[in-house]
Amino acid sequence: MRKVQVIVIGAGPAGLAACIEIAKAGGKAVLIDENGKPGGQLFKQIHKFFGSREHRAGVRGYNIGNQLLKETEDLGVEVFLDSPVYGLFRHPEGILVSYMHEGRERGLVGEKVILATGAAENALTFPGGTLPGVMGAGCAQTMINVNRVLPGEKIIMVGSGNVGLIVSYQLMQAGADVLALIEAAPSIGGYGVHAGKIRRAGVPILVGHTIKRVIGREQVEAVEIVALDEKFREIPGTEQTVACDTVCIAVGLTPLTELAWMAGCEFAFIPALGGHIPIHDGDMATTVAGLYVAGDIAGAEEASTAMEEGRLAGIAASEALGLYGPATAAPLKEAVWTRMDALRTGPFGQKRYEAKAQMLEIAKGGKQ
Amino acid sequence: MRVTKHPILPEEAPCDVTIYVDGKEIPAKAGEPIAAALLAAGIRVFRKTAKKGYPRGIFCGIGRCTDCVMTVDGQPNVRTCVTPVRAGMKVETQIGLGRWAEQA
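So the sequence lines, in the order shown, correspond to chains A and B.
Sequence positions in the first sequence follow the numbering used here and run 1 to 368.
Sequence positions in the second sequence follow the numbering used here and run 1001 to 1104.
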């Protein structure tokens, strides 16, 4: 069986960044992804990124995607597409990665393996929630920005975090009519700058409201919304029905951790990071020898931190392979940590900073 | 509906192939997900559930939830959100678990 130094699973921002660092260290990385194209969810992000210049702030997500792809190509990273990984197994020389390609089972052994599998959108349950026209906000974003198709014309967005705010604005840019944003919490979840754009466009953001049910026979025809009290209980008599054809759900992400569970990683439950997260140390190393995590699988954040975590895992794996001595690796890792800490500041970043600090403590203790 | 005018994104190439949805001709772009072509044509019900016949359409768009599966070229349970369009594809609304096409 073929053996390589590092196998990176997932060709999104974290996986691409990891491969770039391994190639820069002189290592050989193979990147595997189930999709037909690399880039993960970067190509649907048409907004400009935040942060400073070294985080590529002011550059639109899809252009960052193009830059990363060009860099991986220039560095000669081998990419296997249309290749869903279905299993990780112990192997005398590392970790055996089993995947499907063109209907056949294949295998590849990696001395080190980096899981950068990302996250999936959370669902909300309410009567009518399975009707065609109810969909993830990220799904709608893919449709308008990547496939250039409107998933509907009259839209209700549920959730006022950054995904809900940004996708609402992008749906308007694509020509849809966003009727309202619904938020169960008493205040808006995302950045004020994004919320301001929605409000200036005349779209109401209804905090303290939720969906009671979706009405329709073959597809969404209307939603019934209701106000909530401070304990998130419905306030009788506040129901109102709004005619619409699409309900987008933006209520957070859950890390895609199946392969980490299968590999035997120990987990910690940290709600601020999206639930059960593989325990990882300051090198992004899990509790399984030779196995690393990076990006949303290590805690749902956003693309900029995912790239930094990918870099960190790539540098750490290169060091573990002996491609870097500790004296070379230490300042490289330190620089990544400085940039990551800068991304985890402010009223929204602070929670993630604290959650990641908690994770480091758990990792130091070995067990929870 | 296709997004033809966009303030940021460049103009897109027009439809270049035809697919058949329940026998009806639908214009599509080779390589786009089948689900995108269907939404562009205003088709939102992709299948009916096995027991109660409830309608289902696209939900996650990343191949995870399998709500958007249809019968494609005689093969049931094809995830239309991650399966690219090819010219002449035959796509059918799937009833329940679907049926494999009769062997010719």
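Hints are computed from structural coordinates only; laboratory data are not their basis.
Ideal Cβ placement from N, Cα and C applies to all residues, glycine included.
It is possible that some hints are incorrect.
Said to hold, decoys possible - Simulated coverage check for chain B against chain A, where a stretch passes if three residues somewhere in it have a Cβ under 8 Å from a Cβ of chain A:
{"#": "1", "stretch": "1043 to 1054"}
{"#": "2", "stretch": "1069 to 1077"}
Claimed, not checked - To list a few chain A residues with every Cβ distance to chain B over 10 Å, as calculated:
{"#": "3", "residue": "Asn35"}
{"#": "4", "residue": "Gly138"}
{"#": "5", "residue": "Arg148"}
{"#": "6", "residue": "Val149"}
{"#": "7", "residue": "Glu218"}
{"#": "8", "residue": "Leu228"}
{"#": "9", "residue": "Ala320"}
{"#": "10", "residue": "Arg339"}
{"#": "11", "residue": "Gln350"}
Hint compliance check: list the failing hint numbers for this structure, sorted ascending.
2, 3, 4, 5, 6 and 7
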